[in-house]
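Trainee: Sequences listed follow chains A and B, in order.
Add 544 to a position in the first sequence, counting from 1, and you land on the number used in this note's numbering.
Add 1 to a position in the second sequence, counting from 1, and you land on the number used in this note's numbering.
One should not assume that every hint holds.
[Said to hold, decoys possible] The following label-pair restraints were derived from C-beta to C-beta distances:
{"id": "1", "chain 1": "B", "residue 1": "G46", "chain 2": "A", "residue 2": "E600", "range": "37 to 43 angstroms"}
{"id": "2", "chain 1": "A", "residue 1": "K709", "chain 2": "B", "residue 2": "E112", "range": "37 to 43 angstroms"}
{"id": "3", "chain 1": "B", "residue 1": "G159", "chain 2": "A", "residue 2": "K700", "range": "25 to 31 angstroms"}
{"id": "4", "chain 1": "A", "residue 1": "E658", "chain 2": "B", "residue 2": "D160", "range": "20 to 26 angstroms"}
{"id": "5", "chain 1": "A", "residue 1": "K700", "chain 2": "B", "residue 2": "K157", "range": "25 to 31 angstroms"}
[Stated by the list, open to error] Calculated pairs, BS3-like style, for lysine-lysine (alpha carbon to alpha carbon, straight line, at most 27 angstroms):
{"id": "6", "chain 1": "B", "residue 1": "K103", "chain 2": "A", "residue 2": "K725"}
{"id": "7", "chain 1": "A", "residue 1": "K680", "chain 2": "A", "residue 2": "K603"}
{"id": "8", "chain 1": "A", "residue 1": "K680", "chain 2": "B", "residue 2": "K145"}
{"id": "9", "chain 1": "B", "residue 1": "K100", "chain 2": "A", "residue 2": "K725"}
{"id": "10", "chain 1": "A", "residue 1": "K725", "chain 2": "B", "residue 2": "K188"}
{"id": "11", "chain 1": "A", "residue 1": "K661", "chain 2": "B", "residue 2": "K145"}
{"id": "12", "chain 1": "B", "residue 1": "K103", "chain 2": "B", "residue 2": "K187"}
{"id": "13", "chain 1": "A", "residue 1": "K725", "chain 2": "B", "residue 2": "K145"}
{"id": "14", "chain 1": "A", "residue 1": "K680", "chain 2": "B", "residue 2": "K188"}
{"id": "15", "chain 1": "A", "residue 1": "K661", "chain 2": "B", "residue 2": "K157"}
{"id": "16", "chain 1": "B", "residue 1": "K120", "chain 2": "A", "residue 2": "K692"}
{"id": "17", "chain 1": "A", "residue 1": "K680", "chain 2": "B", "residue 2": "K187"}
{"id": "18", "chain 1": "A", "residue 1": "K661", "chain 2": "A", "residue 2": "K709"}
[What the hints assert, rightly or not] Listing some non-contacts, in silico: residues in chain B with all C-beta distances to chain A over 12 angstroms:
{"id": "19", "residue": "A51"}
{"id": "20", "residue": "G55"}
{"id": "21", "residue": "S166"}
{"id": "22", "residue": "G176"}
{"id": "23", "residue": "R197"}
{"id": "24", "residue": "A200"}
These are computed hints drawn from the structure, not numbers from a lab.
From a predicted model like this one, the values you see are computed outputs, not experimental measurements.
The beta-carbon is built from N, C-alpha and C at its ideal position, and this holds for glycine as well.
As a plain string of letters, each chain reads:
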Amino acid sequence: MNRSHCKRFGVPLSFLVAATFAIFCLGSFSAAKPASSAQDPSKMVAATPATGEEYEIGKLRITSPWMRATPRGATVASGYMTITNMGKEPDRLLSVECDIASTVEVHEMSVSGEVMKMRPLEKPLEIAPGSVVELKPNGYHLMFSRLKQGVNQGDKVRVTMVFEKAGKVEIELPAAGIAAKGPADADKMN
Amino acid sequence: MLRNVRIALWAACALPLLALLAVAGLELTQHSNGVGAYQASGIGGPFKLASSSGGELSSNDLKGTPFLVFFGYTHCPDVCPATVSDVSTWLDALGPEGKDVKALFISIDPERDSVGSLKDYLSSFSDRIIGLTGTPDEIANVAKEYRVYYAKHPTKDGDYSMDHSAVIYLMDRSGKLAGTLTYDEKKEAAVAKLKRLLAAA
Chain A
545 MNRSHCKRFG
555 VPLSFLVAAT
565 FAIFCLGSFS
575 AAKPASSAQD
585 PSKMVAATPA
595 TGEEYEIGKL
605 RITSPWMRAT
615 PRGATVASGY
625 MTITNMGKEP
635 DRLLSVECDI
645 ASTVEVHEMS
655 VSGEVMKMRP
665 LEKPLEIAPG
675 SVVELKPNGY
685 HLMFSRLKQG
695 VNQGDKVRVT
705 MVFEKAGKVE
715 IELPAAGIAA
725 KGPADADKMN
Chain B
2 MLRNVRIALW
12 AACALPLLAL
22 LAVAGLELTQ
32 HSNGVGAYQA
42 SGIGGPFKLA
52 SSSGGELSSN
62 DLKGTPFLVF
72 FGYTHCPDVC
82 PATVSDVSTW
92 LDALGPEGKD
102 VKALFISIDP
112 ERDSVGSLKD
122 YLSSFSDRII
132 GLTGTPDEIA
142 NVAKEYRVYY
152 AKHPTKDGDY
162 SMDHSAVIYL
172 MDRSGKLAGT
182 LTYDEKKEAA
192 VAKLKRLLAA
202 A
C-alpha cells in the first residue's frame, strides 16, 4: 500500500492526521508549564520573607528581593523579587543597573516540550494596577550579565531600578546559598 | 474488490497510529512510574569527551555503571545552576549506597565551556558531578545520540544564550535509557528513581 491510495480514499488519511494531531496535543499538554508569573493578589499565599527588605516607592511595593550565590567562575547571575502595584495605574520597569554587572535585563525562562529558553522581555515588564508580579526561579528574573565579580552567600547586591511612574529606587538583593530555591532558604543553607 | 482494498488501507493507516499510541503509552508509563522499560528508545550512544576530572571520559568507561546525564552550559543563570545543585543534593541523599552512580553534565556550549571553566563551575556544587566538553562536532554528535536539542540565541549585547533540552536521563548499567528526571523534579521522587536505577541489574 502506498500513500497515494490513502489519499484517494481520503477518510483513513484524515483520520490518521487527526489522531496524530491529538497525540501531539496530548504530549504538549503534559509538558506545558505555566509561563506567566503574574498573579492575582487575592490568590497570593501570605509569605513573610526570612531575609531582605521591603521597599515602597510611589504606589509600588517591592518585597523578598534575593539572589543566588554564583558558582565559581560564573559570568552571569539572576535576581528575584515580588513587585506589587497598589495604585490605579499600570507601571513599567524601564531599566535596572548594578555595579557588579555590565547589563541587567528582565528575562523570562520558558519551557516548550523539554526545551528550555531564556529570553529578554521585548517590552518593559508591566506591573498592572492591583497586581503582583513575581520574579522567581523558572519564570521572570533579573539577568545579570558579564559579572565583574562573583556573588557569595551573605553578600548584599545593590541594584538601581527605574520605573516609569514610581521613579528610581535603590534596593539590596541579599545572596542566598547556591542551592537556594527562594529567599527563605537562605537561613537553612547556613 | 474495492471493499478489500478499503479494509487493507484502513489497516495500513491504522498501523502507524497504533505505533504512535504505543509510544505515547510508554511515555505515560514512564511519567507515572519513573524508571520503566525504555530499551526501544535508542537514546544514548558512544561518545568520548574531555572531562573536568582530567583526561577523557568515553561511553566505554561507563560500561557496567549506572549514570545520569544532563546537558547545559555555565553561562546559564537560572535553571542550570539550580539543576546542578539539585543533582548534587540527590547524590548526597543517596548516601554511601549511591556511590556507584555517576553524574555527567555535558556542555552544549563548547565554545565558552572549557574543561577548566567546567571544573571551576562544578567545584561550587559537588565533586561527584563530572563536566564534559569537546569540539563543536563532538558535542553535536553526543547531542544527537541523546536526542538533545540545542541552539544559540544571540542577545543584544553581542553575547548569546543557549536554548536546550532540560531533561535528565537515567542510564542503566548496560548503557540503556532507564528513565528521565525533569529540571523541577521533587527530591523524594528523584532519589527514589535513582535507587531503582541502582537496584536494576
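Trainee: Would the pair A:K680 and A:K603 pass a check requiring their Cα atoms to be no farther apart than 27 angstroms?
Mentor: holds (21 angstroms)
Trainee: For the pair supplied as a hint, A:K661 and B:K157, is the alpha-carbon distance within the 27 angstroms limit?
Mentor: holds (16 angstroms)
Trainee: So is B:S166 really clear of chain A, every C-beta pair being over 12 angstroms apart?
Mentor: violated (5 angstroms)
Trainee: B:K103 and A:K725 were given as a pair; does the straight-line alpha-carbon distance stay at or below 27 angstroms?
Mentor: Answer holds: B:K103 to A:K725 is near 24 angstroms, not above 27 angstroms.
Trainee: Does A:K680 pair with B:K187 here, judged by a C-alpha cut-off of 27 angstroms?
Mentor: holds (17 angstroms)
Trainee: Could you check the hint for me, namely that A:K700 and B:K157 are 25 to 31 angstroms apart, CB to CB?
Mentor: holds (28 angstroms)
Trainee: Are the Cα atoms of A:K725 and B:K188 separated by 27 angstroms or less?
Mentor: Holds - the C-alpha atoms of B:K188 and A:K725 are around 13 angstroms apart, at most 27 angstroms.
Trainee: With respect to the beta-carbon atoms only, verify the hint that A:E658 and B:D160 lie 20 to 26 angstroms apart.
Mentor: For B:D160 against A:E658, whose Cβ atoms are near 24 angstroms apart, the range 20 to 26 angstroms holds.
Trainee: Quick check: does the Cβ-Cβ distance between B:G46 and A:E600 fall within 37 to 43 angstroms?
Mentor: violated (57 angstroms)
Trainee: Below or equal to 27 angstroms on CA atoms is what counts here, so check A:K680 against B:K188.
Mentor: holds (19 angstroms)
Trainee: Taking the minimum C-beta separation from B:A51 to chain A, is that value above 12 angstroms?
Mentor: About 17 angstroms separates B:A51 from the closest Cβ of chain A, which puts it past 12 angstroms; holds.
Trainee: So if I understand the rule, the pair passes when the alpha-carbon distance is 27 angstroms or less; does B:K120 with A:K692 pass?
Mentor: Judged against 27 angstroms, a Cα distance of about 20 angstroms means the pair holds.
Checked against the numbered hints above, the structure violates hints 1, 8, 13, 18, 21; every other hint is satisfied.
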